[in-house]
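Trainee: When you get a sec, could you build the whole thing from the sequences and use the hints?
Protein chains in written order, with our numbering: chain A, 153 to 600; chain B, 153 to 600.
Source of the hints: derived by calculation from the structure; they are not laboratory data.
None of these values were measured; they are calculated from a predicted model.
Among the hints, erroneous ones may be present.
No farther apart than 27 Å at their CA atoms in a straight line, the calculated lysine-lysine pairs in the DSS-like style are these [to be verified]:
#1 B/Lys461 x A/Lys419
#2 A/Lys461 x B/Lys504
#3 A/Lys461 x B/Lys419
One side of the interface only, derived from the structure: several residues of chain A facing chain B at Cβ under 7 Å [unchecked claim]:
#4 Tyr347
#5 Ala364
#6 Ala371
#7 His376
#8 Ile388
#9 Ile428
#10 Asn429
#11 Ala436
#12 Phe440
#13 Val451
#14 Arg452
#15 Leu464
#16 Ile525
#17 Gly544
Cβ pair distances, simulated, as ranges [said to hold, decoys possible]:
#18 A/Gly569 x B/Asn387: 54 to 64 Å
#19 A/Val254 x B/Lys461: 28 to 38 Å
#20 A/Ala356 x B/Thr389: 21 to 31 Å
#21 B/Arg490 x A/Ala420: 50 to 60 Å
#22 A/Gly569 x B/Gly544: 57 to 67 Å
#23 B/Gly544 x A/Arg487: 56 to 66 Å
#24 A/Asp414 x B/Arg487: 25 to 35 Å
By construction, the Cβ of each residue, glycine as well, lies at the ideal position given by its N, Cα and C atoms.
2 protein chains.
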Amino acid sequence: MEQIRAIIEANRERFLAEFGELLGFPSEDGNAAGLTGAADWVSERLQRLGARVQRLSTGDGPPVIFGEVGAGPRSLLSYSHYDVQPADPLELWESPPYTPTVRDGKLYARGAVDDKGDTVARIHAVEVYRAAYGELPLRLKFFVEGEEEVGSPHLAPLAARYADLIRADGAIWEGGGFDDAERYTFYCGVKGIAYFELRAHGAAYDLHSGYAPMAPNPAWRLVHALATLKDAQDNITVDGLMAHVRPPTEAERAYIRRIPFDGAKMKANWGIPAFINDMSDEDALTRFLTAPTCTICGVRGGFIDEGEKTILPSSALVKLDFRLVPDLTPELVTRLLREHLDRRGFSDIEIKGFVGMVGARSDMMAPVVQTAIAAARTTYGHEPVVYPSHGGSGPMHTLVQGVGTPGGIITGVCYPGMRMHAPNENIRLDDYFRHIEFLVEFIKRFAV
Amino acid sequence: MEQIRAIIEANRERFLAEFGELLGFPSEDGNAAGLTGAADWVSERLQRLGARVQRLSTGDGPPVIFGEVGAGPRSLLSYSHYDVQPADPLELWESPPYTPTVRDGKLYARGAVDDKGDTVARIHAVEVYRAAYGELPLRLKFFVEGEEEVGSPHLAPLAARYADLIRADGAIWEGGGFDDAERYTFYCGVKGIAYFELRAHGAAYDLHSGYAPMAPNPAWRLVHALATLKDAQDNITVDGLMAHVRPPTEAERAYIRRIPFDGAKMKANWGIPAFINDMSDEDALTRFLTAPTCTICGVRGGFIDEGEKTILPSSALVKLDFRLVPDLTPELVTRLLREHLDRRGFSDIEIKGFVGMVGARSDMMAPVVQTAIAAARTTYGHEPVVYPSHGGSGPMHTLVQGVGTPGGIITGVCYPGMRMHAPNENIRLDDYFRHIEFLVEFIKRFAV
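Mentor: So, in structure tokens, the structure goes:
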């Protein structure tokens, strides 16, 4: 530990300068020069690290920079991205978003935590490891994409094409970091998602509502169809869907019980008197992390402005998202939903499906999970908080379980004040350097 | 008949000139000079007719001009209005809206059919009656208001205050006229209406939809509440509501069967394959005219624009109108709706009620109805089409059944090409003069 810290300290200024170089590229969606600059920087930096680097083409999109370094029986995939969210609104930044600036121990720049910090810290960790222990004892596969902020549209075909290249014995993902009580936090999975628009049609145009006794009302039609998808106690009642939901394991439950969770604070923050069905904190948290959802994200039909207008709408629309847990897939949910509606005579209701994602959940006992926990204990000096899954969705499955990698873990350089996606995005410099320490410890333990 | 026609013919130019005078006032909502001009004209013209005229104050609104003329055991209320819809868009008028212009036997002007035609025709009918038969054999009560196009906001308090003045043995309302096969058409009632906004609330702001397993979703809440108000076969299931619905009488059913109704044409026009529940034309028409409704006029919650956004809405809103038939009142429906929701645990759903109207339906055997039918037969030479009720709503009940008048009938100078509320509103001059004939015949028969 002392040795590792000394190496980091000796390289501190150079590491910061290199981090700053990558942060200088405005690699926003649509900024070709910014994206190319960042991609080239990552590619050259990995080559300087001695990696065998390939540019995986995404057709018209920015390429994935793939680089492999080290040798050994075990392999590890590192997923990160070099693209960033737009910096707008620029006037709210205290220093220019692409001129990295240190204030009060924090480095301010767009992409500082999301996700150039992870990308560069992992490169620096390889250098520090080598300086301390010699050649990297595992094959570390850097997968650095340029389309994360626009939904990674080319990830699935790339994963299919390069499955052998990408496959590893474990994966580290972006995200994770310190919570509001300075506890280091991991996530062992993400939910999948399937997004649908359901549309019901009536007359060719809005009618005077006096015709309601004769003409079908698509808004009522949608209400009756929706009421069959979920009951008033918030249970999903789509035929057969819940049969595909893997219940939380004992290990997952055990880790969930150890997660500090202040339900009262959350309810006060949201301004709600109770969780759904007046659940206990533990039940709410377990459901949050392990249950699928079927959510009305939006509903629209007929006259929606202020005041009264007496019309019979010609169509009605609802936007539904399903957050998916193992073993639900978007394809399966699409089929179950269609069959469920057809079986009840709602064949007229049109379903438009958007691109979905399969969820990912690592076994809590998987080497990548247990190694991360042990490395965090050593580096951060406390028991980390381990979420079996994130409540949100991400494409982890595509690059991990989907290609046969047994597990992945979300780990990174976040903290509550980071302003991710917002003006004045920043990273705490201490977090950055401690994270290099953590990664070195993780590599050492995972290689064994 | 010959004599009546001769009198009308002799006065034709003067009648048209007088009609044109009233049409010259731009009596739109907000045009104080136009409204005052029209009100004064009606008041002075009724005085010249020998009526005892009163201005019934509506506070800050345009006054009701009330005038009574004639003597006899029976009394008749004439309801009409001197205000008009805005003439906008002006550029679509072929002649200026307040410069009455005759083209091809039609008089073009804003208010020609709605509703200055009715108002002046009834004044002229009194003159023609007198010229033919002597003094008017009944007490004709003109009630000419100036706020119809803005929803008659002062009608209810006026009716309460002046009930004795307004009460009569029957009433003639505005509207009615020729259908697309040149059959003269009456309506013996209108539906009432109650309009509500139902709102469900969740968190204080939209949440990331990942929180759906914990945080209540007001859109789902509304769906489940709505699904209890109406079943999938379009039956209203609000507790106790249908018990207050008077079924159609045998006489009403008999008149409905005589109404020419082309369901296939209507369905083709609307672009729907079938009426609700694949009803026959007769059932559809009967339901249209005699059943109450509960219509989703609009629904709105969460993300309603194009594309995907994964949020959990903080609130959801539905706009509902109930078209009311006897014996449903807005107050009753408001109470039943609240009780129904409360009984099912939906007390959190907020109901905002807008001003409602009670429906009106005259007995098919009421003197005013049967007299109108007989007078139409004589004047127009064919059996009129008689609707027990209009499918739309109006304030007839307030001035008729609500003050103890046994029945009212909708009769006027409409025809399919009239462009009511639109640019180039017009009346067929023949309709105008034939309607005077009809009114004379009606007065003669009703007085007996």
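Trainee: Tell me, which hint numbers fail for this structure?
Mentor: Going through the list in order, the structure violates hints 8, 10, 16, 21, 23 and 24 and respects the others.
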